[in-house]
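For reference, the chains in residue letters:
Protein chains: 4
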Amino acid sequence: MSKQAAEPAPRIVNFPRGTAETLGEPVENLVRIGVVGCGYWGPKLVRNFSKASGAEVAAVADLNPLQLQRISQDYPSLAVTTDYRTLIDDDRIEAIAIASPVATHFSLTRDVLRAGKHVLVEKPLATSVREAEELIELADRNNCLLMVDHTYLFTGAVEKMRELVANGELGNVLYFDSTRINLGLFQHDVNVVWDLAPHDLSILLYVLDKKPVAVSALAVAHAGTQMENLAYITLVFDDDTLAHFHVNWLAPRKIRQIIIGGERKMLVFDDMESNEKIKVYDKGISVEQGDRQAVYQSLVHYRVGDMWAPRLDPTEALLKECRHFTQCIRENKQPVSDGLLALEVVRLLEAASESIRRRGELIRVV
Amino acid sequence: MSKQAAEPAPRIVNFPRGTAETLGEPVENLVRIGVVGCGYWGPKLVRNFSKASGAEVAAVADLNPLQLQRISQDYPSLAVTTDYRTLIDDDRIEAIAIASPVATHFSLTRDVLRAGKHVLVEKPLATSVREAEELIELADRNNCLLMVDHTYLFTGAVEKMRELVANGELGNVLYFDSTRINLGLFQHDVNVVWDLAPHDLSILLYVLDKKPVAVSALAVAHAGTQMENLAYITLVFDDDTLAHFHVNWLAPRKIRQIIIGGERKMLVFDDMESNEKIKVYDKGISVEQGDRQAVYQSLVHYRVGDMWAPRLDPTEALLKECRHFTQCIRENKQPVSDGLLALEVVRLLEAASESIRRRGELIRVV
Amino acid sequence: MSKQAAEPAPRIVNFPRGTAETLGEPVENLVRIGVVGCGYWGPKLVRNFSKASGAEVAAVADLNPLQLQRISQDYPSLAVTTDYRTLIDDDRIEAIAIASPVATHFSLTRDVLRAGKHVLVEKPLATSVREAEELIELADRNNCLLMVDHTYLFTGAVEKMRELVANGELGNVLYFDSTRINLGLFQHDVNVVWDLAPHDLSILLYVLDKKPVAVSALAVAHAGTQMENLAYITLVFDDDTLAHFHVNWLAPRKIRQIIIGGERKMLVFDDMESNEKIKVYDKGISVEQGDRQAVYQSLVHYRVGDMWAPRLDPTEALLKECRHFTQCIRENKQPVSDGLLALEVVRLLEAASESIRRRGELIRVV
Amino acid sequence: MSKQAAEPAPRIVNFPRGTAETLGEPVENLVRIGVVGCGYWGPKLVRNFSKASGAEVAAVADLNPLQLQRISQDYPSLAVTTDYRTLIDDDRIEAIAIASPVATHFSLTRDVLRAGKHVLVEKPLATSVREAEELIELADRNNCLLMVDHTYLFTGAVEKMRELVANGELGNVLYFDSTRINLGLFQHDVNVVWDLAPHDLSILLYVLDKKPVAVSALAVAHAGTQMENLAYITLVFDDDTLAHFHVNWLAPRKIRQIIIGGERKMLVFDDMESNEKIKVYDKGISVEQGDRQAVYQSLVHYRVGDMWAPRLDPTEALLKECRHFTQCIRENKQPVSDGLLALEVVRLLEAASESIRRRGELIRVV
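Chains as they are written, first to last, in my numbering: chain A, 1 to 366; chain B, 1 to 366; chain C, 1 to 366; chain D, 1 to 366.
None of these hints come from the bench; they were simulated from the model. From a predicted model like this one, the values you see are computed outputs, not experimental measurements. Among these hints, one or two may not hold up.
If chains are identical, the list can't say which one is meant, so a pair holds when it fits in one copy or spans any two.
To be verified - Pairs of lysine-lysine, DSSO-like flavour, derived with a Cα cap of 30 Å: (1) Lys210 - Lys117; (2) Lys320 - Lys44; (3) Lys210 - Lys51; (4) Lys333 - Lys117; (5) Lys333 - Lys279; (6) Lys210 - Lys279; (7) Lys44 - Lys333; (8) Lys117 - Lys254; (9) Lys51 - Lys333; (10) Lys254 - Lys333; (11) Lys117 - Lys279; (12) Lys44 - Lys254; (13) Lys44 - Lys210; (14) Lys51 - Lys211; (15) Lys333 - Lys211.
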């Protein structure tokens, strides 16, 4: 389309352009949103907020004029600017979505909250617990919504996992094992832990009903890069639960897999499957405690039953998240991925970094 | 974006809108294209022609105003009309892409060619050999390009298969076996043979260097529908080659698989794999002919070697196709998926239909 | 072990050799079995009859002394002979299991039945309907059990498929699609149809509650061999059911897959899966018949629900079959894979061969 | 066969029993072997030593008469005993294979070596570094072969991995990631680390040309069992290599996967694949070091090429291992899985246990 921009519109138009109202969507009380950052993720936010009823994207800011030019070609009526403060200062903009480099999350979010606007900020919320806590406190004080873009929490698969744990289908969770590896983009501002692990940590916190108490991690930076590209993180709980995360930018095959072992059932979430992403296995063991003998004696019984792959909500996660943000603003509700959950993610990332520095030493987080 | 259409553009715009030139793309001599039909496939054509340097979409026609409204929201500067003749009559439009129901392909394409415009029409070209031949003749007479949208021919996988056959890597092809099944959209205007088989028939004709001589097919329509939703088609060659096609709208799992057995090697094309779609197996047999004995005696030797998955061009097939259409117009070249290949596809479809009516009887096509 | 045969047994034995009784298995009334043919399948019969309580293998016959030598080394107490008539003439042998080349099935089985012994013969029962009928008649007259070694019928997967059809879980079966391909042994006495299709035809007849009425088939022999190595067989029913079989000795990958499409649910049986061989999909369509309009109008509704992989009986099929043979003899019961089912298999194979000769012409079987 | 043991051999035998010689195998200079332990693994040793030319199994010892009875039924000419010392004291037995519980490996192996016999002992060699060192020293002093049954080292897959590393195909190895999980047998004498990790540790040591310097591990025992059933082990090297092991008896799905990331290429070994167990990916990154700027600046280039699955030697690993043991005895060679490699495995297991006790603390092994 771009290439006709300089020319007058073709004269053959004989159909009156539609307006949103004619498509049957309510436009009253729209949440007008500004998007800061228009690289990889920003345009996805623009697209999904545009589709979400209840919201509209008013303007986009990015330091790079070329990015603005690209988004303008797709959305010509969108206002664009290289100065994000223009968005913050615009009274007609009620909320800001931030999709900028991690290092800028804290200061941008702080600026938005100080201006009394609601904010949706990409994960991770900040680069330290101290910063994250300051933002939560600031949001509270200014009565602003602080939501963090942990998109996975809005997938049908994660919703189903949470449901299966919450309704007792799996029984008490014994372990959570996650693998998130591929030949991925080597980031220049964060290592693989801060880039990939927020996904799995947020899933863990959302799905499980208990919190880790300590973190051990080991990581390496290969091939002369400055940032760790491979890490193993283990979380310890105060019972015998164990959680483990393998994140890797340098893997030959893309694997996105979570295994949850429960006392009653176990599940595998394989995000690379196009169908049947979640498989629930009616498998497990029970241990019989013999007491007639002096020596402790246990007898393990195995149970192997059916496998079951529940149907999942296929709605695009980011669209659901954009709607949720809008609803939470209008209905004054606490979002699923609020500052407190995001703070816990940052706390675990910070502890993992500390453990990596101390070569695997267990770092307490409570 | 749509919802702000009725409002004035936000005042915060401080960045001059880009034109195509500033992005470095040449705009001289653009092929201006009209798209007829804006349901499922039309918007994809609009998107890809917009991305293809050398082309621009000038206008879109569809009988349904709602479809036009939708495309307008995504491409506000695009002219739209409910009357496709407006496009045909517009001197500034040089070529038309047709993405309308199958039954209309013939008459629309004929109208376009009669107006002296180039045409890219969705597969199948027409609903009978007679119609297809008329269109080819008409294109010839009017010096128009007639290209048919057999998109698969532009995928990296099919290009690689053609290359592997052409360079002798597989040796003489012994069989071609295709499965294209899923719980698919039951079409109301065509049966599963005319809906799905054109994909695989065009691949066969493009990849193999020999042509089938006869067709046998059996099909059924289930559950009270009027259109066959399951069919098996077998093609016979004048040597001992066999080709077979399983097309099915009522399958529990999506399978998109082609197996090519060659005398030297064999390959499997699995389109559901995200990576390694093509696997080449260094496997086969050789038969030793005993001659010392009166009775014919053969000894089969098996060969099992490495497997190899060549890297494939990841470019979106439709984008490559749109570029190809544009280039063929500008450079006056014959397209890969020209009328003659499309005619052969229609000839096989027609013969398959005849065989289905005659309950599997072998119908000659040469 | 063989290599110590020439030497005296080591003197260190201090444990009295066990007899079957001490292991708790009843030995009363054992069915004493002779096995004819000791190539690929015969030793498996020996092993499984040896494991099956209620039976014991008394002797083995094979024309090839080397085969006998091999089985003797594994089972030193087994009597062996190059003359199968020795087994038939032995009064202590009550039943004969035949694992010889297909061409000999008829005459060997006839000899066994004439001697008044029960018989378990490898599939296919015979090479023609006429022969199969003669064997059934002979078995009836002599009050002998005639069971055919359609081993698949005793797998947990096929039992589950039969159950799912019988209890209405799938609803009315619309189609049955089977693929049985790999780089297989090119047989010298039978083509791929007579070699592989008996498996799938027996499964079809056992699982479905309706019978095909006609057969169409096409096949080719490649690479100078005399026997067809690739065939496509389609079965037509008197309703709109269709069954299809792809058998192939020259495929790069081993595929063992059956899809059954039912009106209520559909299933996939993938025998290459180590777990979850059967997957039941709660998927389907329903068609709403519009009646307000003059033209016939149908509306298709799609249903996509959970997937479910039932646990299957993991017992080795051949062991279950050997037990079943023994039980049917002792309890005078009709076996699951009796002569009549095997006759239907032969009838379909014969019709397929006729159709291949007539290049796909539909051959009636009722 | 067992059930006829009490009866006289059938009189119909008319074929003279073969001896090993007639089958063309040399029997001169056979290594006569005694097998101690006849539970799960012992019978496999018996079967494979029986098949290996150059060896014969003379006798088997097990404390459990039932196990001896079972093996006698399969191998009636085999001497059996409940007292393993009978085997050690027998002059005609040259070598002993030990397949007993882990806790007994040390004392049994010591007894065998003291008697001057060669030994093949199941992994792990011993339960402590001290014990392992004592056994190595004892074997040296008595000129006995000490080989440890790290069976994986004899698989075609591991041989290929070693070759790909040794010939530089992968380039410098950056990481080794192993997952060995399933719903496995909960052992009563060892935890999952000592049960499963020896497999992967021996593969690591055999495939890589560098040794780990420290170990960190975390593990848990679930469901009231006394033994850890889930563990994560990380090995640190003195360069930036990392190795990681996930072993788990309580997993819903069987995974046997090793990923090796090299500077030039990467591979995945998936032991659950029936074909193509090893896939070599021509993928990787290269980092360009910018030097014109004051700040360190790196540019990552990605390379994505073909995938290749080399053909692997399909011979059963245990058979190759039994032959190797025999050859090493006859030719006085050092075996692949000698005491020193096994000692390193034990050293890593011991360090992992220490790290588990210290909650992930990094334990040095050099």
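Alpha-carbon proximity context of lysine 210 and lysine 117, limit 30 Å: This pair counts as neither: shortest intra-copy Cα distance 32 Å, inter-copy 56 Å.
Reference check for the pair lysine 210 and lysine 279, CA-CA at most 30 Å: within, between, both, or neither? Classified as within: same-chain Cα gap 23 Å, cross-chain 34 Å, threshold 30 Å.
From the Cα coordinates, with 30 Å as the cut-off, is the pair lysine 210 and lysine 51 best called within, between, both, or neither? neither (36 Å within a copy, 49 Å between copies)
Should lysine 51 paired with lysine 333 be assigned to within, between, both, or neither, using CA atoms and 30 Å as the limit? within (21 Å within a copy, 42 Å between copies)
For lysine 44 and lysine 210, with the copy left unspecified, which applies at a CA distance of at most 30 Å: within, between, both, or neither? neither (33 Å within a copy, 45 Å between copies)
When no copy is specified for lysine 254 and lysine 333, does a C-alpha distance of 30 Å or less occur within a copy, between copies, both, or neither? Neither way: lysine 254 and lysine 333 sit 37 Å apart in one copy and 41 Å across, limit 30 Å.
Have a look at lysine 320 and lysine 44 and pick one of within, between, both or neither, based on CA distance no larger than 30 Å. both (13 Å within a copy, 24 Å between copies)
At most 30 Å between C-alpha atoms: does lysine 117 with lysine 279 qualify within a copy, between copies, both, or neither? Result: close neither inside a copy nor across copies, 41 Å intra and 51 Å inter.
30 Å Cα threshold - placement of lysine 211 relative to lysine 333: Classified as within: same-chain Cα gap 24 Å, cross-chain 55 Å, threshold 30 Å.
Alpha-carbon proximity between lysine 333 and lysine 117, which holds within one copy, between copies, both or neither at 30 Å: within (15 Å within a copy, 58 Å between copies)
With identical chains treated as interchangeable, where does the CA-CA distance between lysine 44 and lysine 333 reach 30 Å or less: within a copy, between copies, both, or neither? Cα proximity of lysine 44 and lysine 333: one copy only (24 Å, versus 39 Å across).
Could you figure out if lysine 44 and lysine 254 sit no more than 30 Å apart (CA to CA) within one copy, between two copies, both or neither? both (22 Å within a copy, 28 Å between copies)
Hints 1, 3, 5, 8, 10, 11, 13 and 14, counting from the list given before, are not met by this structure.
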